[in-house]
Amino acid sequence: MSTLPDKLALNTEFRHDFAIIADWVKLGSKVLDLGCGDGSLLCFLRDSLEVKGYGVEKDDQNILACMHNQINVIQMDLEAGLSGFEAQSFDVVVLSQTLQAVQNTEGIVQEMLRVGREVIVTFPNFGYWRHRIQSMAGNMPVSDNLPYQWYDTPNIHLCTIHDFDNFCAKHNIIVKERRVITDDQPVHFMPNLMGSLAMYRLQAP
Amino acid sequence: MTDTSSVGIVAAQTAHFSDPLALKSGEILPAYDLVYETYGTLNADKSNAVMICHALSGNHHLAGKYSEDEKHPGWWDNLIGPGKPLDTNKFFVIGLNNLGGCHGSSGSKSINPATGKPWGSSFPVLTVEDWVKSQARLADYLGIEQLAAVIGGSLGGMQALQWTLAYPDRVRHALVIASAPNLTAQNMAFNEVARQAIITDPEFHGGDYYAHGVVPRRGLRIARMLGHITYLSDDVMGEKFGRKLRADQIKYTFDVEFEMESYLRYQGDKFAETFDANTYLRMTRALDYFDPALDFKGDLSAALARAKAKFLVVSFTSDWRFSPARSREIVKALLDNELSVSYAEVTAAHGHDAFLMPDPHYHHILRTYLQNIEVGGSA
Chain A
64 MSTLPDKLAL NTEFRHDFAI IADWVKLGSK VLDLGCGDGS LLCFLRDSLE
114 VKGYGVEKDD QNILACMHNQ INVIQMDLEA GLSGFEAQSF DVVVLSQTLQ
164 AVQNTEGIVQ EMLRVGREVI VTFPNFGYWR HRIQSMAGNM PVSDNLPYQW
214 YDTPNIHLCT IHDFDNFCAK HNIIVKERRV ITDDQPVHFM PNLMGSLAMY
264 RLQAP
Chain B
275 MTDTSSVGIV AAQTAHFSDP LALKSGEILP AYDLVYETYG TLNADKSNAV
325 MICHALSGNH HLAGKYSEDE KHPGWWDNLI GPGKPLDTNK FFVIGLNNLG
375 GCHGSSGSKS INPATGKPWG SSFPVLTVED WVKSQARLAD YLGIEQLAAV
425 IGGSLGGMQA LQWTLAYPDR VRHALVIASA PNLTAQNMAF NEVARQAIIT
475 DPEFHGGDYY AHGVVPRRGL RIARMLGHIT YLSDDVMGEK FGRKLRADQI
525 KYTFDVEFEM ESYLRYQGDK FAETFDANTY LRMTRALDYF DPALDFKGDL
575 SAALARAKAK FLVVSFTSDW RFSPARSREI VKALLDNELS VSYAEVTAAH
625 GHDAFLMPDP HYHHILRTYL QNIEVGGSA
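Those sequence lines, one after another, are chains A and B. Mapping to this note's numbering: the first sequence position 106 is 169, numbers consecutive. Mapping to this note's numbering: the second sequence position 315 is 589, numbers consecutive.
Just so you know, the hints here were simulated from the structure itself, not pulled from any lab data. A hint or two may mislead.
Unchecked claim - List time: in silico DSS-like cross-link candidates among lysine-lysine, alpha-carbon distance up to 25 Å:
1. B:582 <-> A:93
2. B:582 <-> B:320
3. B:525 <-> B:514
4. B:582 <-> A:115
5. A:93 <-> A:121
6. B:345 <-> B:544
So that you can see chain B by itself, here it is in the shape it has in the complex (with noise of 0.2 Å):
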């Protein structure tokens, strides 16, 4: 039976720009792909297009499969397609995976064209601002000189803030999901560790692995359960697994005991098989450096004063690793800025991972927030 709420089978696409991008590192990427997705139909106004900016392991892959046989639908997909909340019958979605990525946009992993090796360690450290200077001449090249709404969930999340920020007239809505103006100590601290898992992996070779035909898989694995960990809540871990053996009894071994450990592990080797870790490292990079308000002597409010864009923030209770409190202060500024906001704390017991949910309250709030965005006519 055909799904009518699902974009259906889609196709990846790249554009590709070869206007050097200045980075804010100071380096100069002299030319790179950015691979995307979209879905629904740019009306004739180009007034409908909403850019959907990913998290740290997310990609271009928002909703639909790229065949019947693909056993997932896009990472998005509960919240994209007819009739959902982000309704592709009235918008045109565009989804793209980042710079530095690994699924297919300019990254370690794929070829310098200027060397005809993979970029491996010599592809340069981005942020948050260099990211959404790129997603800008995606616009371009798709003909849009505004988007309706940019929404991000945590790391997407300041990718939506930083797009008020630099583009002020070019962004109409921001809904800044599980989100915070910059992370704490200890957020960066959880970043730390898993980056040192990976660097200090005797397969890193400095980053360079590709050539010597391997990747540093057990500390992409480590870093990944670790990112687990902290993407969920406790409540959340103990209904889910608790105490629960994998066996009958208590083995007095090293192996896997618990179920919880058993999760870990598939989570790890699933990741580890599929993500690439030098990617890994500059998206837990860019998550530390984003900082809007160090240019302002720590004044949030300053910082944001130049964003134009109505917000939605939206928080989830059980998130402590981006949690209510961090959202709040996005808000505050915002309302020192008298800007248009709205602020829904949803709820919800899966802590970090809430965004990702289908939660019906979390999805009734974007429905209704997005039905009053106002686009032009039909295409």
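Same shape as in the complex, but just chain A (with noise of 0.2 Å):
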């Protein structure tokens, strides 16, 4: 009765991504994670840079894995917007690997320059050649970064690294650095189509 199920355990596998995150994240500082999961990212923030961190959840058992991992957790729904939170009121807020997965896309990004100061979003390259392999072939992609089946994904706004760029673009969006990676290992040629990954650090106009 008195353990936890193994489910809530700490995934601390080494994860690239959040280490690019941390380059990004100064000693200190305030984060939001949207959409926050078990908690691993604000975890691994936490331990390495002594982050003021709160991370932002609707499914329950990431709501209990987040307590057990003494992560402060608010349980809420993305979709209804972040109007439990100041403007400017935190030094970051992070979107790692969800923007493909909500609905109000365009809002969310909107409240998120709001919140933060800075805003990292991360999300699987759509571009990426593995992909576009399997589209050619006739089937819909799975990979590492994208494991579901077209049935069971909760993926509905999936979109290449070109495309983030005009949305930025075309929504006035700074982006301040970009970085692309596949495997863990950073990619500089032809991001577009190397990368599985993308990561983004925007600002507000």
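Fit chain to chain and form the complex, with the hints in mind.
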């Protein structure tokens, strides 16, 4: 009774994307992680950079996991907006590999830019060559970063790096930095084709 | 068979305080008794004490039974005991009956030493602030400088919040459950109807019914019936009673026709037998008056700036009397002050009553949070 189920245990596997995010976050800053899952990223940032972190999650099991990991977590649905958070009240707001699963994409990005002085968005690049080959072969892409079948995927707004660049340009969002990785390695050559995960550091205009 | 997760047979104790208590109303209570129960063992460095603040009709009897024959255990027995979410192997748990109560602590029903008669209407009107002040004195009396946690649901949640404001250094964690930073007009309106039912009962006698050998049973009964309607959700009432008839067919009378009426009358009658009307009036008034933001021009964030504790705030989706939106106001004010806070919005059908139910996910949340509270060495 008094022990927690295994699924609440923290995933301690090294994640290159976390390391890049940590590179972008200053020591001791205040971070809001939207769709924070079990709180892995916030644990990593707390332990490495002493950040003051808060997570937002809607899933009951993830709420328990965050609490188990001693992460401050607020149970709410992102789609309802961030009205419970004051403007510019966080140093950094993170949306890690969740952008593609949200309904109101434009609204959420605007809300993040309102609440955070800086915003970090990461997403699986739909333009990655492995995805393109699968599409060309006539199938919906399945990969490490897109591990779902077409019938059970939560992803409804997949995009490529080009698409997201255009999105930022259209909304006058400042891209401070962009990094692209594949298999934990940085990608510099033809990122929209060679990159599997895109990571952006954004600011409001 | 012995239930190993029960605190077992318990006994209440009484602490007498002869230091006058200055109340928010300006009145002074010269001396008073607080009746309380404890479960578990206070550890060597006194770092494992948890105080439970009760809601409108609660009392100090949280867990266990007074004798093997007692029909029901204490009111939060599903939460408190060895191995339970609030684990008495780890924590020293304190329950008390608030001042103005009718279960042993000083209140209208008890004897005013100055007159030798029941206090009746002359017992002061109390506030959440007054209660918390008296609770801090109980902690002093038990030799506890700092509480590991204060926990309360509903009106109890208001006290837990008040603890963090009145004694920021004396409480490490506050668990504020199914509560609100103040009552809405609608919520106060229910309280006013309840009080009017009591006050207009011919047997109320201005609150001094003890001298007449009567109790305003009818008023108290109606007050409780009204309360019960607001503690349940429409859905759960529909599920529990629906339009079910008591008899086989409609009788075209004003007797009990529907099951729901039978439930309300039963609850009202039971309550009127055991509870004191003056206590009911005072508890609802304490609810009405609580508003920590009032002195800060309605700015709750400013009001909570002096809190230092870590918070767990919990609400229930079907609770319309203390809705999740009200809990989110508390959460926002805590976030504005960069305090540690987690917030869980539990999907539950039982309305406001859900905070007393042993819902597995709700209890898992409390267990997980409480497990992470650090306490010093064992006793």
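Practice item. Take the C-alpha atoms of residue 582 (chain B) and residue 115 (chain A), compute the straight-line distance between them, and say whether it is at most 25 Å. Key: 15 Å, holds
Exercise for review: With a cut-off of 25 Å on the C-alpha distance, tell me whether residue 525 (chain B) and residue 514 (chain B) pass.
Suggested key: 22 Å, holds
Review point. If you draw a straight line from the CA of residue 582 (chain B) to the CA of residue 320 (chain B), is it 25 Å or shorter?
Key: Holds, at roughly 19 Å.
Check your understanding: Holds or violated: residue 345 (chain B) with residue 544 (chain B), Cα cutoff 25 Å?
Key -> Status holds; Cα separation ~14 Å.
Check your understanding: Given the proposed pairing of residue 93 (chain A) with residue 121 (chain A), does the C-alpha separation stay at or below 25 Å?
Key -> 21 Å, holds
**Study point:** Distance restraint between residue 582 (chain B) and residue 93 (chain A), which requires alpha-carbon spacing of 25 Å or less
**Key:** 17 Å, holds
In summary, the structure agrees with every hint in the numbered list given earlier.
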